[in-house]
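Chemist: Protein chains in written order, with our numbering: chain A, 15 to 1132; chain B, 787 to 1265.
Just to be clear, a hint being listed does not mean it is correct.
[Claimed, not checked] Derived, one-sided and incomplete: chain B residues facing chain A with beta-carbon distance under 7 Å:
1. Gly857
2. Ile927
3. Arg929
4. Pro940
5. Asn941
6. Pro947
7. Gln948
8. Ala992
9. Leu994
10. Leu997
11. Ser999
12. Trp1002
13. Phe1124
[Said to hold, decoys possible] Distance condition first, Cα-Cα at most 25 Å in a straight line; then the derived SDA-like pairs of lysine to any residue:
14. Lys1123/B <-> Val757/A
15. Lys800/A <-> Lys1123/B
16. Lys884/A <-> Ile1127/B
17. Lys1036/A <-> Ala213/A
18. Lys1123/B <-> Ala126/A
19. Lys1200/B <-> Glu1088/A
20. Lys991/B <-> Met973/B
Hints listed in this document are in silico derivations from the structure and should not be mistaken for laboratory results.
A virtual CB, placed ideally from N, CA and C, is assigned to each residue, including glycine.
Read off the chains here:
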Amino acid sequence: MPSVSQPHTSDQPAVATACGASTQTAAPAAAREGKSYWRSIDDLADTPEFREFVHREFPNAAGDLLESTDRRQFLKIMSASLALAGAGGLAGCRRWPETKLAPYAHRPADRAPGHPVHYATSMDFAGVGAGLLVTSYDGRPIKIEGNPQHPVNQGATTLAMQAAILDMYDQDRSRHPINVGKESTWAEFSAWAKSHFDALANGRSGGTGLAFLAEASSSPSVQAMKQRVVARFPSATWHEFEAIHNDSVVQGATMAFGDGAYRLLYDFSAAKTVVSFDDDFLGAGTPASVKWTRDFAAGRACDNGAEPSRLYCVEGIVSLTGANADHRLAVRNSDVARLVAWLASQLGVSGVPASLATLDVRSLAAKADLEKVMQHLVQDLKGRGPSIVLVGDRQPPEVHLLGHLINRALGNFGRAITAAKIDGAQGHVAAIKSLAEKINSGAVQTLVLLGGNPVYNAPADLDFAGLIKKTPTCIHLSDYDDETSRACAAAGGSGWHVNRAHFLEAWGDVRAADGTWGITQPLIIPMFDGKTAAELLSLIANEPVTTSYEITRAVFAANVNSGVVGDAEGRWRQALHDGFVQGSGFAAGAAPEVVGSDPAQHFAALEQRLAASSGEFEVAFTPDAGIYDGRLANNGWLQELPDPIAKLTWDNAVMISAGRARSLGVKSGDMVTLTVGGKSVTAAAMIIPGTHNDVANLALGYGRGEACGRVGKDAGFDFYPLRTSSAMGFAPATIAKASGSYVLATTQDHHPIDSFPAGVGTQERLPTLFAEADLGHYREHPEFAKHHTHVVTRLSLFPEDHPFQTEMIGADGEFVGEYAWGMSIDLNACTGCNACVIACQAENNIAIVGKEQVKRGREMHWIRIDRYFKGSDETNPSGFVLQPVNCMQCENAPCEQVCPVAATTHDANGLNVMVYNRCIGTRYCSNNCPYKVRRFNYFDWWGRGPLREQPGVMLQVEPDYYLKGQAKADPMRQMAMNPEVTIRMRGIMEKCTYCVQRIMRARIDTKNQWVRDKNLKPDDPKVQDRKVRIPDQSFTTACAAACPARAIVFGDLNDRTSKIKAMHKHPRTYEMLEELNTKPRTRYMARIRNPAFSAEHSGEQGGHGAPAQTTTNTGGHG
Amino acid sequence: MSTVIIDNTVDVPGRRAPLVLNHSDFGSVTRDICQVNESPRPPKAWTIAFVIAAAWAGFFGMLIGYLIFTGVGVWGNNNPVMWAFDITNFVFWVGIGHAGTLISAILFLFRQKWRTGINRFAEAMTIFAVICAGTFPGIHIGRVWAAYWLFPIPNQMQMWPQFRSPLLWDVFAVGTYFTVSLVFWYMGMIPDLATLRDRANTKLKAILYGLFSLGWRGSNRHWHRYERAYLLLAALSTPLVLSVHSVVSFDFAVSQVPGWHTTIFPPYFVAGAIFSGFAMVVTLAVPARAIFGLQDFITMRHLENMNKVILLTGCMVGFAYSMEMFIAWYSGSMYEKFAFINRAFGQYWWAYWIMVSCNVITPQIFWFKWVRTSVPIMFAASLLVNVGMWFERFVIIVTSLAQDFLPSSWGYYKPTWVDICMLIGSFGLFCTLFLLFMRYLPVIAMAEVKGVMPQANPHAHHGGQHHEEARLEKEVAHV
């Protein structure tokens, strides 16, 4: 684990250099705006010396500088900031008047150029905070990891957290406020806002006509500033809206507990049975998916007699949770409620009407199978110990009530589920509807939109663009000049767009999923002088504290009263160092007794609701697995990230079953028209085996046209027009074939789906690629995974050792050998969440290639998640397989033998290394790689434009590719690069390196630490000779670090006590394609399924399992 | 130029069929062959063909520039299919290059006198085909400017190439083959260049032909040295005919890709190469003899002999295809089995069946003599064989790569316009070089052709066929 590098030395305040850097924004800003606003540095701003410095160092705003500067210039600026911060004694931002300016002649203590530093910070995403650890390289944040100490993250991250670094360096981010379509400045805006809100406050009405629409925020600062605003404008109304929200959960909790303000905290590691009713708790759209995935994976532990949990999933679409389930039932979303009701009635919940509690639903499985699964579910819930019954956000509130009643009946509250009282929760749909009503009644004159993009994603029936037009003054704070900002500007009057600061640029605070108070600490000056929501609110509230730093500190001081360190300053420093406040999570206890009104009335309402929403066919709205609700649409990493199930990149699609596609007469890529309540959208269909025949899965977030920026321009289809405030989860719909087709770029199944070999040749080899067995079989044959090989093994005629795997410890216990790096991927833990893919991309400067190139099969990911459907039924597969594959670092590497120029060779640690400088690009290595993990740079990916090539353009590359050339690559994109990893030029091969830069960094750091500990001089011969072993698990690869399930373990196989050694010796461990005798260093641990009964398909699945086949395998293990 | 059609394809036991028709003296042979070079204007057909070919060759050059400046991505190659048209074209052209040296070296050693009529331009074809072949591996690599790292040149990096790689063996095999073929071709041409020099009617011709004929005077000593050297080079070239395509096949056989990893590849590739090479000789000979009126030297007997070779090697290739299938089944390896079933019935089934119908079925028509001696049919068949042999390489390379071990990484290769135009462009380059050769160099080995005429027999004092027949009869009687 990377260490948190502050506080620094004792005499220096424990404030990040980045904080010092952020003061640099204050400087030019202050210089431009005078002391009226930046009152905290008035004295300084008035001194002529300072003015001179500002003009000398920052003749323009940093943002303007950046637009036209290259990386070198940027580094110069940054080093100037470092010099200021460092030489000046690392002043806290508020202390900046005491700063002494000095040239960077003396290196500040603990500051080595080129040595990355890690800062703890926090991110707020859709109203849920996360604890992060950001790597900063000479003042540039380049990589985000989870904060290892943070109780929720524990070192792991989600996709959105990993990808946030690219968001910050997005060249399409808005760079300045915009007033009615004209470029403006913060100074102009603040002057206007001051007079506008002063006038509003001085009027008699107390802010009548003022409304706020905010995206969800967990930030206590925003809450505090909101209260100040409300205090100044008592008549103002505050509305909160997120397109992906949990209204049903809140309403269900209200029904159950009499109050919706409870957050349920699940402990999946304690649950023996987990039932998901249309709840994708493992998916990327879930706020706490990091913790839940970790706990769920822990609960699946099956070694040493541990009893793994059993996961049931009932859903209409195919979610990641469903793909990981032991039993998955595909029913319509609208039928899920019936199964929940049936379950409730079976478990003794009274008052459930028999007409509701029925298993008589349309299911992909035969009726007898469905009944069998449900009967087993009842038995398991009754007899297998603590359980969790989950109901998804899409389901109506009454179903949540049923879920609570079931959990109550099972006694789960207080065991696997605890509840925490939180501040009042507001229904998002109700909130935006009330705002709409207010605007329609002409009661809103000034609308302040804090983030969000309601013009794009508000319920379609509200016509939010029309609402904006009716509002004379709209102010939109956002990262991009997006649909809502444009609508504000187009509305005339005094429409404003204010560019928002990224969380890596500004101070702030968050509450994590478990309530932990986190500090957001900036790592870089705001590149475009953006402001946070709290800053904007403090301006509106006319507060004395105006900078994000001041607000954060003030709110912290007012709210955090306890801590390890006694005084306020000490608590702040500790929180800054840790990134969060220890022990500040919600006080969780058992959920309150059900106090709600008569459940029977709710069940009657549910029946009515189901009757109203039932139809032949229905659509389900889901957050996209990559770009969420559309806010991340301009993030190239997430656009190119394959959907975990569909493997689709750069687009969304209407995901339907093979049966439905057949009856419609469409193939993947053909256009279909969906109609919901009179509104129609025509989009491309895509067949996803396992989807219910009467359901279409519509991932939201696409179809933003050019409004989302150049990267996501024209990607996908917008399904928000089908989503109305009355049916935010799923809705009855009709589907019809439309004319035309659309090209979908997938990273798997590039070949035409309808051609002969689709599926042929896959099923028979699955057992050798992906070892899995039922728990019972595993108990009987613990080593089953080692005997799964069905094909002839290519054994050498000569005895072969593993040449690098010999531990060498000298006589005095000294380490004299070499490392033998190895990796283990536990398929029993992996849920296929894709976090490793983005972590690898961020760490290793992996290029995105664009849709056209993905279509050609040229994606560059070093680690990918292979997805297979099991069984021969293309409509209803018997299972799903998700398997991460990176370079196996074979000891007997097929790639090395065929390279004519020795560009890929073995190093002394057994790594299969790729020498970019030597590679001439014959591509023979990739042809000979059985795992197909090598990636070739067909073009200069870094010199290319934003990558959505126009189909049909003859040269198939953007014209500006030729004009710009590679010398003028986007400077912002360059800044996001990890300087420790080579940028690969075109024409060469690349692949997973096991993060060799991290290995080298750990070697250097370990040796340096040893030298320091021993008090040796650098020229001591011991320093030269001695090898110092890196402590096991003191560092790991980017993929392993990000993995929430902790499925990936990396370490030294020559260390007999290492974790990886134990993993490689584990009975479940096997080598993929072992028969090729490649001796891979990356090995897999077999997946153990825990079904209540063997599936009927076990005959065809059982290739890996049946003992008879174990004995018939052709050998090679002896 | 002959006007009389003589059927020299009839084999009379004990009697040798004439190899040169309608010529009773050496002088007319010289005249008729040299008129190809000496006629004041080339035939119209030549001019038209040359303009088209040169245009494509030029376009080929431009496309190479585009490729080098933009990246290999202008081709359709993708992630599993890292090699496609590039290496297909390479193997195809190397294969074409086999016939020339086989005709000039192996048939020379076996004393097959009929080779003399076709060996010169078959060798030229070899040289030009290898030039086309060499282009593709040179430009298919990602960083063309570092291609010289493939050669074992002492350098400041202190790096040798990696000698375990079949690609390196390719460099040596093709390099050696090209060098020896070039020397063999050029050396064989020296007496004829001297003839052209002696007959030159312009100063420029005299100087150039004089320069390249290396002072040949036709003295007894010259002839003696020439014959020795020719024999030695023939002996040197013979193993190369077998080795070069064996080594090329190692590119595939040494790898572990199902469908590539096959021990049958070296003989199968050599047979295929000879097959395609002879088909290309027929493809070139048929129009060339018509345009330049060389029917007396490239007779129907020559064409028929070549068709027989095509039939034989076609059967060998067909046998190899069926053996591949058998071994894939017999191996018990599901990857191998899949690879071959997939070839025949998978996403590239059309390529496989084009290959089988062109390479296995088409040559079977040559069991019939009237087909073997029908110029239009053999021309069409030779074109089909060329198409089939190109597809054979495409099938081997692309179908195997597109679907190997991990189904998750299976892909589909589609050529881009650049791929297709570069394939056509390579034909343009080949045809340009060949047409230039036809016009400016002795297209038939005059000296050797004269050597197989009855008049060259030192025992035939009175000249003429009768004496020769008499001698043969006498010899037969003796036995």
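Chemist: Taking each numbered hint in turn, which are not upheld by the structure, reported in ascending numerical order?
Modeler: 4, 5, 8, 9, 10, 11, 12, 14, 17, 18, 19
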